[in-house]
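Those protein sequences? They're chains S and W, same order as listed.
This note's numbering numbers the first residue of the first sequence as 5 and each following residue consecutively.
This note's numbering numbers the first residue of the second sequence as 952 and each following residue consecutively.
In short, the hints are calculated from the structure, not lab data.
The beta-carbon is built from N, C-alpha and C at its ideal position, and this holds for glycine as well.
Errors might be hidden in some of the hints.
Unchecked claim - Once the Cα atoms are required to be at most 30 Å apart in a straight line, the calculated DSSO-like pairs of lysine-lysine come out as:
#	chain 1	residue 1	chain 2	residue 2
1	S	Lys-41	W	Lys-1029
2	S	Lys-72	W	Lys-1029
3	W	Lys-1008	S	Lys-75
4	W	Lys-1029	S	Lys-26
5	S	Lys-75	W	Lys-993
6	W	Lys-1008	S	Lys-62
7	S	Lys-72	W	Lys-993
8	S	Lys-98	W	Lys-993
9	S	Lys-62	W	Lys-1029
10	S	Lys-61	W	Lys-1034
11	S	Lys-72	W	Lys-1034
12	S	Lys-72	S	Lys-62
13	S	Lys-72	W	Lys-1008
14	S	Lys-46	S	Lys-62
15	S	Lys-61	W	Lys-993
16	W	Lys-1008	S	Lys-98
Claimed, not checked - Sample of chain W residues lacking proximity to chain S, with all beta carbon distances greater than 12 Å (derived):
#	residue
17	Gln-962
18	Ser-999
19	Arg-1020
20	Thr-1027
21	Ile-1030
22	Ser-1032
23	Ser-1038
24	Gln-1051
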Amino acid sequence: GENVEQHPSTLSVQEGDSAVIKCTYSDSASNYFPWYKQELGKGPQLIIDIRSNVGEKKDQRIAVTLNKTAKHFSLHITETQPEDSAVYFCAASKDFGNEKLTFGTGTRLTIIP
Amino acid sequence: EPEVTQTPSHQVTQMGQEVILRCVPISNHLYFYWYRQILGQKVEFLVSFYNNEISEKSEIFDDQFSVERPDGSNFTLKIRSTKLEDSAMYFCASSGTGVQPQHFGDGTRLSIL
Chain S
5 GENVEQHPST
15 LSVQEGDSAV
25 IKCTYSDSAS
35 NYFPWYKQEL
45 GKGPQLIIDI
55 RSNVGEKKDQ
65 RIAVTLNKTA
75 KHFSLHITET
85 QPEDSAVYFC
95 AASKDFGNEK
105 LTFGTGTRLT
115 IIP
Chain W
952 EPEVTQTPSH
962 QVTQMGQEVI
972 LRCVPISNHL
982 YFYWYRQILG
992 QKVEFLVSFY
1002 NNEISEKSEI
1012 FDDQFSVERP
1022 DGSNFTLKIR
1032 STKLEDSAMY
1042 FCASSGTGVQ
1052 PQHFGDGTRL
1062 SIL
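All chains, please: the whole structure from these sequences, using the hints.
This is the structure we're talking about:
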């Protein structure tokens, strides 16, 4: 089955700097890659997603890139703010939304004011 | 914005007892899921449900577990003969048809004593 690796497990950046989180996946049939943000005591909240027919997607300060050949995808957060502090999970699935998600191990992002 | 709601937020149960975790998915969604997250670990898929039957289940979802959609709004996860290792956060998610991602509830923290 699918296996998703995520790095780093923890990341601290100065407020205003950029943060990058990377994931790799094993199943070449995966074609949908969402990113979720989990705040303390809350469930995962979708922040951005990408399908395999797209190489990059951007939404304000957040962007995701996908390299299907290398089977890796990355989350980029620019101009980080204290409210960006949370645990971020990448995930992969074989279909948009209607198949099980396989999650990475998570990255705890801390923004230092 | 519509959201997935889960009750209770925290459930404490004696080992060997049965528990039912409840979820109200987003009203026009047709696909339903249960995931769990053991403390400090990744989110793991348990089961998906569509058209009143299980679509897929993981190795974790053995005979101890069952799911049900008893009416038009609720989606439940039943765990029989609970074990200490069942202690985890359990998340319900739902998605609609077509190009819609999975939306998660805030989870039920299950503690088995």
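To see whether the hints hold, each was checked on the structure:
no. : hint                  : in the structure
1   : S:Lys-41 / W:Lys-1029 : holds, 27 Å
2   : S:Lys-72 / W:Lys-1029 : violated, 39 Å
3   : W:Lys-1008 / S:Lys-75 : holds, 25 Å
4   : W:Lys-1029 / S:Lys-26 : violated, 36 Å
5   : S:Lys-75 / W:Lys-993  : holds, 20 Å
6   : W:Lys-1008 / S:Lys-62 : violated, 33 Å
7   : S:Lys-72 / W:Lys-993  : holds, 23 Å
8   : S:Lys-98 / W:Lys-993  : holds, 19 Å
9   : S:Lys-62 / W:Lys-1029 : violated, 40 Å
10  : S:Lys-61 / W:Lys-1034 : violated, 43 Å
11  : S:Lys-72 / W:Lys-1034 : violated, 41 Å
12  : S:Lys-72 / S:Lys-62   : holds, 17 Å
13  : S:Lys-72 / W:Lys-1008 : holds, 27 Å
14  : S:Lys-46 / S:Lys-62   : holds, 25 Å
15  : S:Lys-61 / W:Lys-993  : holds, 25 Å
16  : W:Lys-1008 / S:Lys-98 : holds, 15 Å
17  : Gln-962               : holds, 15 Å
18  : Ser-999               : violated, 6 Å
19  : Arg-1020              : holds, 16 Å
20  : Thr-1027              : holds, 17 Å
21  : Ile-1030              : holds, 19 Å
22  : Ser-1032              : holds, 25 Å
23  : Ser-1038              : holds, 17 Å
24  : Gln-1051              : violated, 5 Å
Hint check: violations occur at hints 2, 4, 6, 9, 10, 11, 18 and 24; the rest are consistent with the structure.
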